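S.K.: If you want the building blocks of each chain, they are given just below.
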Amino acid sequence: TQLLEQSPQFLSIQEGENLTVYCNSSSVFSSLQWYRQEPGEGPVLLVTVVTGGEVKKLKRLTFQFGDARKDSSLHITAAQPGDTGLYLCAGVNNDMRFGAGTRLTVKP
Amino acid sequence: DSGVTQTPKHLITATGQRVTLRCSPRSGDLSVYWYQQSLDQGLQFLIQYYNGEERAKGNILERFSAQQFPDLHSELNLSSLELGDSALYFCASSVLGGANVLTFGAGSRLTVL
Chain A
3 TQLLEQSPQF LSIQEGENLT VYCNSSSVFS SLQWYRQEPG EGPVLLVTVV
53 TGGEVKKLKR LTFQFGDARK DSSLHITAAQ PGDTGLYLCA GVNNDMRFGA
103 GTRLTVKP
Chain B
78 DSGVTQTPKH LITATGQRVT LRCSPRSGDL SVYWYQQSLD QGLQFLIQYY
128 NGEERAKGNI LERFSAQQFP DLHSELNLSS LELGDSALYF CASSVLGGAN
178 VLTFGAGSRL TVL
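Those protein sequence lines, which keep their order, are chains A and B. Under this note's numbering, the residues of the first sequence are numbered 3 to 110, in order. Under this note's numbering, the residues of the second sequence are numbered 78 to 190, in order.
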């Protein structure tokens, strides 16, 4: 059983569409991170959210940390083929635990 | 290039064998983390070292062991290999001992036949 549940597991959309992926847990985290992983590479950090209710924007990506610091969402506006990859969330307390990820495919 | 170096990139071996995976952390980073990534289990935390000392332990099997050397490089030893050990093994490093920003290597892909 994953400490962090990510949904959906797979998502395939057309270029230009919007999407939201979710990261949920019953545990409270001191912070939560989102990573993107491309084939043949390790995960790369996108953002860290620390405060409950915090919203961070990174160009077309919007990250939100839940008020109770148990969940998070990632919204992508006008998705592009370059957004294709595995999106992982990681909950941070004394250590860091990852969800299983959402595998996003954006078709041209 | 993330600055974290993992070798070998690919490794194919047989059941019952033993392998060693090597990781050189990013310059200046004192912490090394090992993760196992398989299709059905996602990224599973195995173990963390900070400045040569074990700091945290995750779902690491007794057949697996790791250490961090004085020059801060780390090795993950996998023994009595089973088919289910086939996976990507990632090393990540960070500056501090507490969980913070991790920089990942490109991974070592282990195939057990």
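Some clues are possibly wrong.
As the list claims (entries may be wrong) - Partner residues are not named here, just some residues of chain B that face chain A (Cβ under 8 Å, in silico): (1) Gly80; (2) Leu179; (3) Phe181; (4) Val189; (5) Leu190.
In case anyone wonders, no lab produced these hints; they're calculated from the structure. These numbers come from a predicted model, not from an experiment. For glycine and all other residues, C-beta sits at the position ideal for the given N, C-alpha and C.
S.K.: Name the hints, by number, that the structure is in violation of.
M.R.: 1, 4, 5
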